[in-house]
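Peer 1: Line order of the protein sequences matches chains A and B.
All residue numbers for the first sequence refer to my numbering, where the first residue is 40 and numbers rise by one.
All residue numbers for the second sequence refer to my numbering, where the first residue is 5 and numbers rise by one.
Check each hint, because a few of them may be wrong.
Computed Cβ-Cβ distance ranges for the label pairs, DEER-style [claimed, not checked]:
#1 A:A67 <-> B:H234: 57 to 63 Å
#2 B:V20 <-> A:R117: 43 to 49 Å
#3 B:A15 <-> A:S209: 31 to 37 Å
#4 B:P35 <-> A:V110: 53 to 59 Å
#5 B:T36 <-> A:F314: 30 to 36 Å
#6 B:K163 <-> A:I241: 30 to 36 Å
#7 A:N295 <-> B:D128: 26 to 32 Å
#8 B:C18 <-> A:G299: 24 to 30 Å
#9 A:R261 <-> B:V20: 27 to 33 Å
The set of hints was computed from the structure by calculation and includes no laboratory data.
Quick reminder that beta carbons are idealized off the backbone N, C-alpha and C, glycines included.
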Amino acid sequence: MPSSQPHSVRRSNAPGKPGFVRRYFQSASALNLMYVPALIFFGVFIFYPLIKGFQISFTNWDGYSPKYSWVGFEKYERMFHDKKILTTFKNTLIYGLGSTLLQNLLGLAYALFLDRKIRGLGIARTIVYLPVIISPLIMGYIFYFIFQYDGGALNDLVAVLGKEQVDWLSSGPRAVWIITLINTYQYMGIAMIIYLGGLQSISKEFYEAAQIEGAGWLSQFRNITWPLLAPAITVNIVLNIIGGLKLFDVIVALTNGGPGYASQSLSTMMYNLYFARQDAGYAAALGNVMFLVISIISLFILYTLRRRELRM
Amino acid sequence: MSRILSRLFLAVICIVHLVPFYLLLNLSFKPTTDTSSKWQPSSAMSWDNFSNAWSEAHLSTALISNLIITAGSIVLVVIIGSFAAYPLARHRTKWNGFIYMLSISCLVVPSLTILVPLYKFMVDIHGMDQYWAVILVQVAFALPLSIFLMTGFMGTVPKELDEAALIDGCSRFSIFLRIIMPLLKPIIATIVIVLGVQIWNDYQFSVFFLQKPDVQTIPVALSRFISQYHSNINWVAAGCLVGMLPMTLAYLFLQKYFIKGMADGAVKG
Chain A
40 MPSSQPHSVR
50 RSNAPGKPGF
60 VRRYFQSASA
70 LNLMYVPALI
80 FFGVFIFYPL
90 IKGFQISFTN
100 WDGYSPKYSW
110 VGFEKYERMF
120 HDKKILTTFK
130 NTLIYGLGST
140 LLQNLLGLAY
150 ALFLDRKIRG
160 LGIARTIVYL
170 PVIISPLIMG
180 YIFYFIFQYD
190 GGALNDLVAV
200 LGKEQVDWLS
210 SGPRAVWIIT
220 LINTYQYMGI
230 AMIIYLGGLQ
240 SISKEFYEAA
250 QIEGAGWLSQ
260 FRNITWPLLA
270 PAITVNIVLN
280 IIGGLKLFDV
290 IVALTNGGPG
300 YASQSLSTMM
310 YNLYFARQDA
320 GYAAALGNVM
330 FLVISIISLF
340 ILYTLRRREL
350 RM
Chain B
5 MSRILSRLFL
15 AVICIVHLVP
25 FYLLLNLSFK
35 PTTDTSSKWQ
45 PSSAMSWDNF
55 SNAWSEAHLS
65 TALISNLIIT
75 AGSIVLVVII
85 GSFAAYPLAR
95 HRTKWNGFIY
105 MLSISCLVVP
115 SLTILVPLYK
125 FMVDIHGMDQ
135 YWAVILVQVA
145 FALPLSIFLM
155 TGFMGTVPKE
165 LDEAALIDGC
175 SRFSIFLRII
185 MPLLKPIIAT
195 IVIVLGVQIW
205 NDYQFSVFFL
215 QKPDVQTIPV
225 ALSRFISQYH
235 SNINWVAAGC
245 LVGMLPMTLA
255 YLFLQKYFIK
265 GMADGAVKG
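Same shape as in the complex, but just chain A (with noise of 0.2 Å):
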């Protein structure tokens, strides 16, 4: 490290060094020096397991024994085939697009309220941040309270107007929007703070210019708001879609993946595979396809966003 030379220029006199070195040492590369532990941190505990994990894929290894023989493309062709493994992928695509969709209207249309003075605003900003600090694990635990059946809050409601009570959590298809719902009121805070930011950054001499000439509030938003919104927009896209696509702990929280493997996402299952049906090959085959399928959606929705604010 060039830590070593706190003054090289000084040193640099001194007699017997191999020229190189200290040249070396004066240079701008050796700076280089200063990210090597970042690389080792990503070497060993990023890039190693993922080669890794390719290589797993291809085996019927089980977790733990020693043993394990190559099987090929096995585990990959076997969830073409397999109908839990749909269901997660349809699953992870409902958590990541639906929250995100709900996330940025919801998120939106706050911001967009929120962007004027009045009284209790900054009550109101604080309240609908506060969850986004909290675990998403302990979020899963507090709406379990709402949605379970017996004594639920929600069936409590549902009580009092004299219909008959539900088991909201028993249907997958169901469960899947409870928990994306669950996603979107956890997060759709830090779309409102964004795009605040992005209305606050407008100015307001663009809609003093668009009253006098008469637009009304319909087309300012579309002339002025909306397109000038666009980075906000990109942002929340993108870090909304990775989230969702990633979810995990409530899930876990809420309902284990159930009922049977209803409500599974990609993260989930690979963790069932591994753990409860010792199948780390199958379980790893899962990894990358999610690894793959993550890095294509939010690059092209990257690319396409980005293309859309430079024609903006």
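Put chain B on the given structure of chain A with help from the hints.
Peer 2: This is chain B only, laid out in the frame that chain A set:
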């Protein structure tokens, strides 16, 4: 929209968003014998739920684990991240551009996709149930965002500062330590908040690598406690409330920094 209407709307938003917290608070103070509706305010304030949850979930040990892991990871992330960002921001060669892209691309690697090989690796290096091992993994996954934010921020620090110091005979490394480092305070605050919240609340890594009760973090200890006592809903509520308390208090007191920090982190992230 008239003033009264928007006030009313604001109140509705606040109430709707507070409902889960009202239910949690109410449940955790209700005596276990009180089986009335979750909406109905507790007749008596019972602290038993808290003391039971505190001892049964081993929350005091969990709190210490959380503090060690979060503090250790954040210190390393800030040091290693700022070190790495300096050459990437200041010495822009083609090769360094590649290194930067490589670091940022780690952002999209979902931590769970490499669960299987990482778990095996942790067993091989005897890192199971060890704080240092979890800290190292947390650091590896927190570094990409940290490098991204730091590199972006250093780009806004004028290069003339470095050049002037270099002419004065300061070595390149001490320029970083003495001149650049002290200027990084705002971005370090952002990183501490964004990644601190993320590591503090982490469940995915902790649940795999910390299986012994005496090293478990709050989320892991809570999930273990809840799977054991899930029928006793008042204990569960009390446990959840205590578990989220440290972060909630920090948020309420440092609200401005939390909201600004997370928004900055997200916009630049």
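Peer 1: Could you run down the list of hints and mark each one as holding or not?
Peer 2: Right, here's what the structure says about each hint:
no. : hint                          : result
1   : A:A67 <-> B:H234: 57 to 63 Å  : holds (60 Å)
2   : B:V20 <-> A:R117: 43 to 49 Å  : holds (45 Å)
3   : B:A15 <-> A:S209: 31 to 37 Å  : holds (35 Å)
4   : B:P35 <-> A:V110: 53 to 59 Å  : holds (57 Å)
5   : B:T36 <-> A:F314: 30 to 36 Å  : holds (33 Å)
6   : B:K163 <-> A:I241: 30 to 36 Å : holds (31 Å)
7   : A:N295 <-> B:D128: 26 to 32 Å : holds (29 Å)
8   : B:C18 <-> A:G299: 24 to 30 Å  : violated (38 Å)
9   : A:R261 <-> B:V20: 27 to 33 Å  : holds (29 Å)
In this structure, the one hint that does not hold is number 8.
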